[in-house]
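Take a look at the letters that make up each chain.
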Amino acid sequence: MHFSGEPATGGTLVQGGYHMSRRPVSLARTALREASPIRELVVSGGGIETELIFQLPSVRRVLLGYASLGVWGLAPSVRRRIEQGEVEVVELGVTSVLRCLQAGGRLDPFAVTRAWQPSLGVPVKDGLPTTSTPHFLEPVRPDEVYLHVPYADPENHIAWGYGVGPDLIFAVAARRLIVSYDVSTANPPVLPNRFVLPGHLIASLEHRPFGAFPSACYPLYGPCAPFFPSYLNALGKRKSDVAGIISSLGDRSFMHEFVDAGARQKTLSFRRISDPIVTAHREELARWMESI
Amino acid sequence: MDGVDLTNRCADQMAVLMARSMVGMRKVQVGMNAPLAACSAILALRMAPRGSMNLYSLAIGGVYDSPQKMSLFADEWDTIERGAAFSVEAVIDLMSGWEGVGDEPVRPLEVDPFGNVNLSGIASGDATHRRSLMGPGPAGVDVLCTMASGRSMTLYVTRHTQQTLVPRLSLATGWTWIEGGEDRLRSGLGVGGWSQLITDLGMFRFTPQGPEVVSIHPWVDLEAFVAETCWEVEIPDDVVRSIPPSARELDFLNEIDPHRARALEWLSAEQRWSRAVEIWESEAEGQELERV
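Residue numbers (this note's numbering), protein chains in the order written: chain A, 7 to 298; chain B, 35 to 326.
Chain B extracted, bound-state conformation:
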């Protein structure tokens, strides 16, 4: 497989795994700058019985209850023109209240064996407040890890390496099992945090005893998976292989996301910029001036 094929295969596999886990949830959220997560959520909406799921887009402050096409720019206008945007105060309350959140896939810089995450950056290691790498900031992660319904909250990383799946976080932004055992129970955080991690190599589940391998993707070499995973996990010889996307799921994906925005998170900066401008051009062409 060449690089492009591999990227596309990873994006499709991860999108479908995330979508399958979201189908049937009443409330799913998509945060900012996560095209893969957004595509997965829309795919889940498409696969679920109509009207059974609600998709909240926190960046925009809007809600969908029917499948939409994937977009990077036009969705904001679509949402607000439908009158489905609401004030951020309402977003805060809706996020926190009622039955909580079914899922909001999050992509951290680092994740540790107990599902704790880092979106803050990499500490410089000295006594100053410097960081050798500054991340985007916590966004909504602090709330997510305290109020999630805990059913199957998802983390995802597009590059499964020993620099992303780490033994210990450089900086802690959000917590699942903290350091395992009864830590979470004793902490007062309540039920919540992230229950699974989907990577470009496979899938894990987080437990108070540590991570478990759920599956490895069909094309991934077992040795490569082990080499990139520094966590202590048991990988049986007959490890389960991730179920690949079905023809129907792929058809839906291509309908929802014909520009393959879901693969943007793998691209280099300049490749991503170029593709994003193409998508913007295409979405801008679709806009029309109407007169009453």
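Chain A on its own, in the form it takes in the complex:
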């Protein structure tokens, strides 16, 4: 990822966000565009950003907790590449993936879980211990982490709130943290569960309005449902890797390609605003949304 003029490092990538929020989609598209040499993904609960990044031919291994497009079904590119034998899958439960990343961030020698892990083999019947056995997992320190957040301030501190999700775990574990944000403001609003990450921990900070689209980035915009059937139909009809198409589109074209203007506006209205500071940024984003 050629942010800040630095060469792409490849290696292991973790992408942030959770459920339908703050998926770093714009960063994933940049990685596609630049044919980033990412080899391994670590996915605790992956969504559209995982579906996109899986289209990188360099990806050959995934440490997988869960990957799906939610109500829209399984992630087709994830399925296709694994079913074709192009990507090796190591399955751990979601919580175990997160524990491995926590251990990585703390520089612990191992992570501990009492659960049996699917990829570590079916339990042996004979000679099993009669007391609970903790299981030891390798810590994971990803080479790169992508996050998307709503706010950054002039000193490059980033802020997000509401559901913090796993992003703090990812940020602490990262060797190199790359962040995109929607709005620059000297005074990010006070949000429930607000978290501020100091700028010195961030290797590269990119201004990407609607960088989480089609996922939500509360309180600025909600999720965009119509994107998904449009994308999935395009993928099905084109019969070829749609990565090139997705990556070649600028933000404006990306949204036009998959979502009509009415649906884009509904995405913007899909949340309630009670803070006038947030309202001001909503207007800025609304103008940007209208401009594309």
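Honestly, I wouldn't trust all of these hints.
[To be verified] Here are the simulated lysine to aspartate or glutamate pairs, DMTMM-like style, with alpha carbons at most 25 Å apart: (1) A/243 to A/89; (2) A/243 to B/312; (3) B/103 to B/283; (4) A/243 to B/304; (5) A/243 to A/257; (6) B/103 to B/285.
[To be verified] Pairwise CB distance ranges (calculated): (7) A/263 to B/196: 39 to 45 Å; (8) A/251 to B/257: 48 to 54 Å; (9) A/90 to B/257: 51 to 57 Å; (10) A/268 to B/40: 32 to 38 Å; (11) B/202 to A/90: 21 to 27 Å; (12) A/239 to B/253: 31 to 37 Å; (13) B/214 to A/112: 37 to 43 Å; (14) A/112 to B/269: 51 to 57 Å; (15) B/40 to A/239: 24 to 30 Å.
Hints listed in this document are in silico derivations from the structure and should not be mistaken for laboratory results. These figures come from a predicted structure and were not determined experimentally. Positions of the beta carbon are idealized from the N, C-alpha and C atoms, including for glycine.
Please arrange chain B on chain A, whose structure you already have, making use of the hints.
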């Protein structure tokens, strides 16, 4: 009964069976991409004495203690706006700790006679790591099967066939009785795993000796049930019929889930997408911009 009527009847019957089993549990969880399970849990909250149950939504990382309407998209905003979302580290600890989990209905790709489950996919059968079908991944199943309170953890499948209720799993993701007998006791996993399976044809209980038929749904032909069940189970001639939803339960269901999101899991991909976009449109219309 035509296809739509049958789907609706199945969805209602299964939702009510799951809800009845959850009523009275202190802690119920709903995972990702399980509208039927979510609807059932909300119905259970509605049927239970107010304040007696807590519903955790793991995808969002939030908790409810009062009945909510079913939603696919707005619930995330509802949860975080109420300040009821918390960090995923807390979710991990809350899942694992204290009294454990009363229930978190899980929908596997395959289930075997001892309540072991597969969410990983179907192995290709050769020596490679390929899969002929890739599933979503283990999600939280690894932890669920080791820490559940064991009271009545539920599995559900929307299509009861010999391809879903299998004699032996293609890939193992989570374990209940392993291979029966004293396996679980000797394994060190402790009390836990899944105790019941609800399908679109009937209901089973899992025991160390194998599965037992609890009931068959009222409209299901006994021969059809036997034909689709390859497990060795005794089905008496006077087999119990599932108690159908009461008028009150149906009223609650329709109040909670007027868009019938609970039936999404039966629909084809394109039907599901179309219905999900309609629900999103409806939920987006309900959002309002408020100024302080």
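Evaluated hints:
| no. | hint | result |
| --- | --- | --- |
| 1 | A/243 to A/89 | holds (19 Å) |
| 2 | A/243 to B/312 | holds (23 Å) |
| 3 | B/103 to B/283 | holds (14 Å) |
| 4 | A/243 to B/304 | holds (13 Å) |
| 5 | A/243 to A/257 | holds (22 Å) |
| 6 | B/103 to B/285 | holds (13 Å) |
| 7 | A/263 to B/196: 39 to 45 Å | holds (42 Å) |
| 8 | A/251 to B/257: 48 to 54 Å | holds (51 Å) |
| 9 | A/90 to B/257: 51 to 57 Å | violated (40 Å) |
| 10 | A/268 to B/40: 32 to 38 Å | holds (35 Å) |
| 11 | B/202 to A/90: 21 to 27 Å | holds (25 Å) |
| 12 | A/239 to B/253: 31 to 37 Å | holds (35 Å) |
| 13 | B/214 to A/112: 37 to 43 Å | holds (40 Å) |
| 14 | A/112 to B/269: 51 to 57 Å | holds (54 Å) |
| 15 | B/40 to A/239: 24 to 30 Å | holds (28 Å) |
Of the numbered hints stated above, the single one contradicted by the structure is hint 9.
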